[in-house]
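S.K.: Just so you know, the sequences run in chain order A and B. Using numbering that gives the first Met the number 0, the first residue of the first sequence is number 0, and each one after it goes up by one. Using numbering that gives the first Met the number 0, the first residue of the second sequence is number 0, and each one after it goes up by one.
Please note: incorrect hints may appear among the correct ones.
What the hints assert, rightly or not - Derived contacts from chain A toward chain B, CB cut-off under 8 Å, selection only:
| hint | residue |
| --- | --- |
| 1 | V55 |
| 2 | T61 |
| 3 | N93 |
| 4 | A95 |
| 5 | L97 |
| 6 | L108 |
| 7 | R185 |
| 8 | L186 |
| 9 | L188 |
| 10 | Y260 |
| 11 | V264 |
| 12 | E265 |
Said to hold, decoys possible - Once the Cα atoms are required to be at most 27 Å apart in a straight line, the calculated DSSO-like pairs of lysine-lysine come out as:
| hint | chain 1 | residue 1 | chain 2 | residue 2 |
| --- | --- | --- | --- | --- |
| 13 | B | K141 | A | K86 |
| 14 | A | K6 | A | K133 |
| 15 | A | K52 | A | K85 |
| 16 | A | K133 | A | K86 |
| 17 | B | K61 | A | K85 |
| 18 | A | K86 | A | K52 |
Please keep in mind that the hints were generated in silico from the structure rather than gathered at the bench. Backbone N, C-alpha and C define an ideal beta-carbon position, used for all residues, glycine too.
One-letter residues, chain by chain:
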Amino acid sequence: MNPSSQKPIVAVTGISVRYGDVRVLSEVSVNVVASEIRVILGMSGCGKTTLLKTMVGLLRPTAGSVRLFDVAIGEQDDPATIAVLKKAGVLFQNGALLGSLTVEENVALPLQMHTALPPALIAEIVAYKLAQVKLSGTGPLYPAELSGGMRKRAALARALALDPPLLFCDEPSAGLDPATAAGLDRLLLDLRRTLGITVVVVTHELRSIETIADNVSFLHGGSVLFDGTLAEARNFTRGPVSEFFSRAAPPSPTGEGGFRYGFIVERGS
Amino acid sequence: MDSFQENPATIITLPANLDHLWVEQSRIFDRREAGLILDFSNTARIDSVALCAIRLLQETMKARNGRLVLRHVSDEHLALLESSSMPLEPAQKTVHSKDEIFTSIGGRIIDARNNCVVALSVLVEMLYWGTIGVLKKKEFRKGVVGEQMYLLGYKALGIVGLLSFLIGMVLAIQVAIQLKDYGASVFLGPLIGITMIREMGPLLTAVILAGRTGSATTAEIGTMGVGEELDALRTMGINPIQFMVVPKFWAITLTMPVLSMIGTGMGILGGWLVGIFYLHLSSAVFWEQLSENLQTEDVFAGFIKSVVFSWLIIWIGSYFGFRVRGSAESVGRETTASVVACIFIIIVADAAFSFIL
Chain A
0 MNPSSQKPIV
10 AVTGISVRYG
20 DVRVLSEVSV
30 NVVASEIRVI
40 LGMSGCGKTT
50 LLKTMVGLLR
60 PTAGSVRLFD
70 VAIGEQDDPA
80 TIAVLKKAGV
90 LFQNGALLGS
100 LTVEENVALP
110 LQMHTALPPA
120 LIAEIVAYKL
130 AQVKLSGTGP
140 LYPAELSGGM
150 RKRAALARAL
160 ALDPPLLFCD
170 EPSAGLDPAT
180 AAGLDRLLLD
190 LRRTLGITVV
200 VVTHELRSIE
210 TIADNVSFLH
220 GGSVLFDGTL
230 AEARNFTRGP
240 VSEFFSRAAP
250 PSPTGEGGFR
260 YGFIVERGS
Chain B
0 MDSFQENPAT
10 IITLPANLDH
20 LWVEQSRIFD
30 RREAGLILDF
40 SNTARIDSVA
50 LCAIRLLQET
60 MKARNGRLVL
70 RHVSDEHLAL
80 LESSSMPLEP
90 AQKTVHSKDE
100 IFTSIGGRII
110 DARNNCVVAL
120 SVLVEMLYWG
130 TIGVLKKKEF
140 RKGVVGEQMY
150 LLGYKALGIV
160 GLLSFLIGMV
170 LAIQVAIQLK
180 DYGASVFLGP
190 LIGITMIREM
200 GPLLTAVILA
210 GRTGSATTAE
220 IGTMGVGEEL
230 DALRTMGINP
240 IQFMVVPKFW
250 AITLTMPVLS
260 MIGTGMGILG
270 GWLVGIFYLH
280 LSSAVFWEQL
290 SENLQTEDVF
300 AGFIKSVVFS
310 WLIIWIGSYF
320 GFRVRGSAES
330 VGRETTASVV
340 ACIFIIIVAD
350 AAFSFIL
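So here's chain B without its partners, still in its complex pose (with noise of 0.2 Å):
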């Protein structure tokens, strides 16, 4: 009956406490015989990796034709052996099969469209309920475009103006050795002022906002729907766009050229800076320079870029933050998304704006 030859070698007396400790010191799973005999006369208690050791090691006996018996074994013990609480199977990889993989591509295109949907559909009823929605409905709560207008503005001011106050000076350094070397100095004023004024203030400033609103959005949406919040909302049938989006909507509309041209004004002031003491220009030649030089067209410019660079911040935000399912980890994993491609489409969409403006 027994296809494996019993002696001394293939039985194992199990210890009184079988546990962790004794499979890993064992070594069962390098025995080689065709056959072994687990003895536990003397095993009162049996451990969960120990169990599943054993479990393991019959699954391992049968699939190399060996066999596994378990003499003396109690009613108790052997019940919490056989109980199937995992699986006898393991789990399947899943082969791709051509169909599968088109399958795939196609489940990827249809993903991509329903996000776009959303997306759009989020731009849609931002802009809406933004514009025409609050002349239309009463629901809008009072004071929070405040609120939202000192954590979005007020709060961001001192980095929006270091920062641009530094990218001025280096800006106006790196330009300062090229023009001092054609004698060209004066026009320092101009070049600082208008890069400043229709480029690089408007950017910074949305790229720092991308940063620091973009993600605080999502990761505020997100956290609202995770907690349910959102849907609390709807079934109060409150919009959540027009109740969370609207408001920083309208706070960021209002701030963002404020903050661009504070963060202008920095830049050029550090490129003054550099003018006075690196070029040794007058400050006189700076600004009337700058004046003569400066047309109505680049503040429109300017004004123009922050405004719908803020609108896009917001846009992407929220999207984002609508996006979150479930888990803490799914609002880290759309705030990352959210600031990339918010940073993305800016700087995309600034791309644009020197073809149209």
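With the rest of the complex left out, here is chain A (with noise of 0.2 Å):
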């Protein structure tokens, strides 16, 4: 089946969002549908976070309309908005873990909050998330003696601990080493291809992208310069696109814009 044809899980309509006076989106659109691995890239500081933001309904576009599952993000207090966001988990940049409750307890939350489980049920639904992010043992651990890589896993076992069919990730490898950040990637690939989970993902890390990505949308100065699959992307001959995939430094200041304190050179002797 096409993907252009399908229904789109995630449906990002022409959305603006500001920050006070500062316009940090721009008419941005981008669609996903089921069990597509979607990363939204861009340089640092092209608002990709606050597209993701805006996606699970932290922040409120100015312009435009996010819609999940066919059901508009609305406030935050808004029954049909909660009820959405339970159908999707959000990886958050450094994890977001509450400092106050343990590893289990931060990943028993949602099952506690959100359905009716035995307790022993939710423990050794518990346990099994974490031996799926290969945190087995760690549950009784406060995030803070955890390293940053496994923060972030413990994370991912909480986001997915209802099992959701729609997953955000912010930055899921920013700060972790090349294998940890590999095996994470590893572990997306594999729940998309064991649960059929649709997965969005905000990162800058070329090799990343690479390694999961089906389609790809490239923000640059808030605005959607690209969307398509990755081998497009790859292919794209223009502008920041394809330096972002060259790895190629973008031109300087200088050299594009000539000398601008015109200094006064005598080269003879």
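Assemble the dimeric complex from its two separately framed chains, guided by the hints.
M.R.: The structure is reproduced here in structure tokens:
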């Protein structure tokens, strides 16, 4: 089935987002279909995290709309929004585990809050989820006692606790060593293969993008500059997209704009 | 062509290592010639201080229609000097026109209105989720209220007891001096007792808890905001007020009257000691006079005050916690503001109660 003909699970339509007077996103549209791994990429400060936060309802767009599973995302206390967000897991950039709870309490939290499962079964599920992210035995520890990579994996276990069909990840491999980052990428691919979940990943880690992405949306200056498959992005030959994939540095301002200080130079002896 | 006459005094031969020491020693910015020639013949290395100094010198010379010439400068050094990494135009200071001042005032009014709306919404949500919401929802973590009661109540017991005891003694000594002169020493018991029960016990406990619990609540919620933990709760469909504030609301509602009672008792004890050892009253007279004059309304007023003060502490502490944005500095700022606002509002409420109860 052609992905473009499928009904999108995540439908972002013409959203604009401002922080005070600063416009961060401008008329951004992104559609993500079932079982797709969509990577939202771009240089630092281009609005990737803002887009992700808008997708999960943490920020309200000044224009446009966000729909998850065909439900419009509204205010945070809107019952329909709360209900649909239960179908989505979110992995934050620094994990965002609750520091006052142990790892197992963190993972158990969504299960305790949103299900009527008996405590013994919740404990079993928590152990399974921790094993899934290769963190067996760390349950009684507090987040402060874990390394950065372990915190992210624990946060992923929590995001997956309710087996959400949709997962949002903000910079999952940022700050991790290459082996741990590759492990997380493999885990995301495994989850998609075994559970068929849809994943939206915000990152600028090229290695990670090349490993996991089906489709990419390239943000530049708050707008979508490119939207298509990873292969198409690699073959894109113009502007920031090409520079990003060729790992080329952007031209220096001096080279492009000419000399600005206007020094008078004497070369002769 | 040249607007200045080249002479040896206008030529500055730069050293091989052009660094901050040269900038400091050469006093290059004190030169007042119409033109200067910087000779780079010997220069192999330029550090960032010297680089910025030469750029600034160029701008200064341009501004006074002078002329700076770089002689024998290598392409590499020239590229460094010309790289446009800093703005050429100095940042303009904002000059507020009349309209902008009105815009600014309007903005502040809108901000104040928004802050009031947020504060009220925190209060309404706290009261709703703390009462009706608890019955409606099962989303109430077991054991948390007990844990919070231990932290907010039990841990504050020592300081509340000690300070109340000392305040009771101080108050009693001041009163005793006057009563002794009028031969009315027997009234020390009711004076201290009723003052502590109606006024000082709940107020002192509230002020101590505002500094202790109010600030801790702001700092905890604020730090969670900075660490995206509140966002994580929201994306899990968990209301942060329900999760964070309601257990504290119940814990303080249950412990504050008890703390207030203990504080009141310690204050009266301090007064009793002054009565016994300073006024040489008999213990029986002290307690007899107190029980004769004490009304049920006094106890009721003290109880109501302690409950309302406890709600004010958690409400204001939480509100300032949710106001934290971005950084650790913001946590500190809002925590300070929270304590100040909390004590202020408690005293205002106490003044209001004086007329009502």
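S.K.: All hints, please: hold or fail.
M.R.: Right, here's what the structure says about each hint:
no. : hint             : in the structure
1   : V55              : 5 Å, holds
2   : T61              : 16 Å, violated
3   : N93              : 6 Å, holds
4   : A95              : 4 Å, holds
5   : L97              : 5 Å, holds
6   : L108             : 7 Å, holds
7   : R185             : 24 Å, violated
8   : L186             : 19 Å, violated
9   : L188             : 23 Å, violated
10  : Y260             : 5 Å, holds
11  : V264             : 5 Å, holds
12  : E265             : 4 Å, holds
13  : K141(B) / K86(A) : 25 Å, holds
14  : K6(A) / K133(A)  : 34 Å, violated
15  : K52(A) / K85(A)  : 15 Å, holds
16  : K133(A) / K86(A) : 23 Å, holds
17  : K61(B) / K85(A)  : 63 Å, violated
18  : K86(A) / K52(A)  : 16 Å, holds
Hint violations for this structure: numbers 2, 7, 8, 9, 14 and 17, all remaining hints satisfied.
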